[in-house]
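The residues making up each chain are set out below.
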Amino acid sequence: MTSETNSAARKVRSGVSHTLLVLVAIAFLGPLVYAVSTSLKPADEVFTATPHLFGSEIRWKNYADAFTFAPFDRYFLNSLLVAVAGTLVVVAASSMSAYAFARLKFRGREQLFVLFLGTLMVPQEVLIVPMYWLMQALGWVDSYWALILPWAFTAFGTFLLRQFFLTIPAELEEAARVDGCGPFGTFLRIMLPLARPAIAVLTVFTFISFWGSFLWPLIIINSVEDKGTVPLGLAQFVGQQGTQWNLMMAASIMAMLPTVLLVVLLQKHLVRGLLVTGLGGR
Amino acid sequence: MATDTTVAPPGAPAGAPRAGRRPALRRDGRYASVFLAPSLGGLALFTLFPTAMALGISLFDWPVFGERTFQGFGNYSHLMHDPVFRRVVLNTVLFVVLYVPLNVVVSLGLAVWLGPQIRGRQMFRVLFFIPVMTPMVANVMVWRLLFQPGGLIDGGLESWFGIDAPNFLGSSNWAMPAIVAMSIWQGFGYNFLVFSAAIDQVPQSQLESAQIDGAGPLQRFRYITWPMITPSMFFATTMTLITSFQVFAQPFILTQGGPGVATQTIVMYVYNQGWQFLQMGLASAAGWVLFVIIMGITAIQFVGQKRWVNYDV
Chain F
1 MTSETNSAAR
11 KVRSGVSHTL
21 LVLVAIAFLG
31 PLVYAVSTSL
41 KPADEVFTAT
51 PHLFGSEIRW
61 KNYADAFTFA
71 PFDRYFLNSL
81 LVAVAGTLVV
91 VAASSMSAYA
101 FARLKFRGRE
111 QLFVLFLGTL
121 MVPQEVLIVP
131 MYWLMQALGW
141 VDSYWALILP
151 WAFTAFGTFL
161 LRQFFLTIPA
171 ELEEAARVDG
181 CGPFGTFLRI
191 MLPLARPAIA
201 VLTVFTFISF
211 WGSFLWPLII
221 INSVEDKGTV
231 PLGLAQFVGQ
241 QGTQWNLMMA
251 ASIMAMLPTV
261 LLVVLLQKHL
271 VRGLLVTGLG
281 GR
Chain Z
1 MATDTTVAPP
11 GAPAGAPRAG
21 RRPALRRDGR
31 YASVFLAPSL
41 GGLALFTLFP
51 TAMALGISLF
61 DWPVFGERTF
71 QGFGNYSHLM
81 HDPVFRRVVL
91 NTVLFVVLYV
101 PLNVVVSLGL
111 AVWLGPQIRG
121 RQMFRVLFFI
131 PVMTPMVANV
141 MVWRLLFQPG
151 GLIDGGLESW
161 FGIDAPNFLG
171 SSNWAMPAIV
181 AMSIWQGFGY
191 NFLVFSAAID
201 QVPQSQLESA
211 QIDGAGPLQR
221 FRYITWPMIT
231 PSMFFATTMT
241 LITSFQVFAQ
251 PFILTQGGPG
261 VATQTIVMYV
271 YNQGWQFLQM
281 GLASAAGWVL
291 FVIIMGITAI
301 QFVGQKRWVN
311 YDV
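Chains as they are written, first to last, in full-length UniProt numbering: chain F, 1 to 282; chain Z, 1 to 313.
Because the hints were derived from the structure by calculation, they are not lab data. Glycine included, every Cβ here is placed at the ideal spot set by N, Cα and C. Treat the hints with caution; some may be incorrect.
As the list claims (entries may be wrong) - The following residues of chain F were derived to be distant from chain Z, with all beta-carbon distances above 12 Å:
{"no.": "1", "residue": "12"}
{"no.": "2", "residue": "56"}
{"no.": "3", "residue": "71"}
{"no.": "4", "residue": "74"}
{"no.": "5", "residue": "77"}
{"no.": "6", "residue": "163"}
{"no.": "7", "residue": "168"}
{"no.": "8", "residue": "172"}
{"no.": "9", "residue": "190"}
{"no.": "10", "residue": "196"}
{"no.": "11", "residue": "226"}
What the hints assert, rightly or not - Calculated pairs, SDA-like style, for lysine to any residue (alpha carbon to alpha carbon, straight line, at most 20 Å):
{"no.": "12", "chain 1": "F", "residue 1": "11", "chain 2": "F", "residue 2": "23"}
{"no.": "13", "chain 1": "F", "residue 1": "11", "chain 2": "Z", "residue 2": "29"}
{"no.": "14", "chain 1": "F", "residue 1": "268", "chain 2": "Z", "residue 2": "199"}
{"no.": "15", "chain 1": "F", "residue 1": "105", "chain 2": "Z", "residue 2": "29"}
{"no.": "16", "chain 1": "F", "residue 1": "11", "chain 2": "Z", "residue 2": "212"}
{"no.": "17", "chain 1": "F", "residue 1": "268", "chain 2": "Z", "residue 2": "120"}
{"no.": "18", "chain 1": "F", "residue 1": "105", "chain 2": "F", "residue 2": "177"}
{"no.": "19", "chain 1": "F", "residue 1": "61", "chain 2": "F", "residue 2": "37"}
Just chain F, same shape as in the assembly (with noise of 0.2 Å):
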């Protein structure tokens, strides 16, 4: 009887804790919905009395007309262009020190070592001031290589591939040296194929960190038009009499788009990836 009616008041309990977080994941997607909505509704419907889902119309026009009222096309190539190309640096130079770190024997391994996670201390706000006079005196100002190149070296990812180098057994290599493969072939045939895993991490989250960077690209970029990022190009749209709020949600959502896409599709692998490296954000 008493485990009767106890088993009835927990399913009481799962049902008004499952509907109240229903209402949670609501509250905490209005926003986002909120977005989505005005991004589909025509401009002198965005603001109204009372608010409404849809417009008088669905205007998916706005996602093409967002691209005629400021370069966005230019924007994205932009964004992709430096992500790429910043992420295959990242990669590049993370696992090759990461291999020397967890692999190679030199003198003074550890101080290195210590030498790289102290420089994870130092906040971005100190670097940009010289990181700027540096970026003028290579003549870098307002180029793709400052957007690029800066914060490329970060010991962030030499940290997480060399954890993860450190889990692979070193019977493998060892059969690869008997076989008469250098350091070299061992890392490139042996090593980064076993830390596809670990790679994929980093690159995700470094694609994402270039894609969604902006007080570095806000400051070392003039020419906006030609060679600003998307969060460079949206932030244009702040102070400027009469936005577009319609056109500017078209533009944000579709900023959003593929780091959402990253996210849900890679979901198992990123929370692992964040959790063993304890990755902070941007």
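Position chain Z relative to chain F; hints supplied.
The following block gives chain Z in isolation, referenced to the frame of chain F:
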């Protein structure tokens, strides 16, 4: 290398058979320098050198164009006496004080609620994580529209509840809470994941037997779950503290630091000094003040952890 006892005799021919570990060390060392070169070069040029350079620049009156003059600690004492900078530090501290506890409460509360018994929790993990990964500027744009007079919050309050909402972003009372609210929506998904994974490690059998022994939900949390998740708690609070001191895009786009300087943050001050007023020396000094604050907070966290973080379980 204490174990490195086999030393090749001096003058031994290179590549002598069974030469021991020293040549292997030397050979590895040569390869290591090749493997390390890109990262080491990049870090030296783009992190180590600029860090030292930042300290140097902060000691100069360093306009973007024109004469540079040595100031000693002039920039730092200027900052200490600049009412704007003081206000900016206070604003940043206020943001941190509001944001960090709320973020932890929301993410931990939801992580406990969404325990292993909840169906579809993987979906919630992905859902809450989305704004963490989407471009910050896009997220903030959406909230700018939400907070706009006539936007969803204003319109909803007015037409559904008959409340005359303030102009959130234009009011010195409401602008900071608005920024905090937006930031929590954007950021709690990360800590939610961290806590959620930690709670997965708590053995269900222990919780169940405690329940049979008559422990209520609060007691079970306090005496079983909490001790096991303190390492995650330490990690999450430290990371959240560090990143929240660096807040920039949210106030920059929501309020431009306004009204007045009511929501201007330290990083915005760095940006303004450097790229609006072109005073690189002051910008650099402000950046170093932020760095010192962050290092201090991290040090306090690490010293304090002995009192409450439990690594034994």
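Which of the listed hints are not met by the structure?
13
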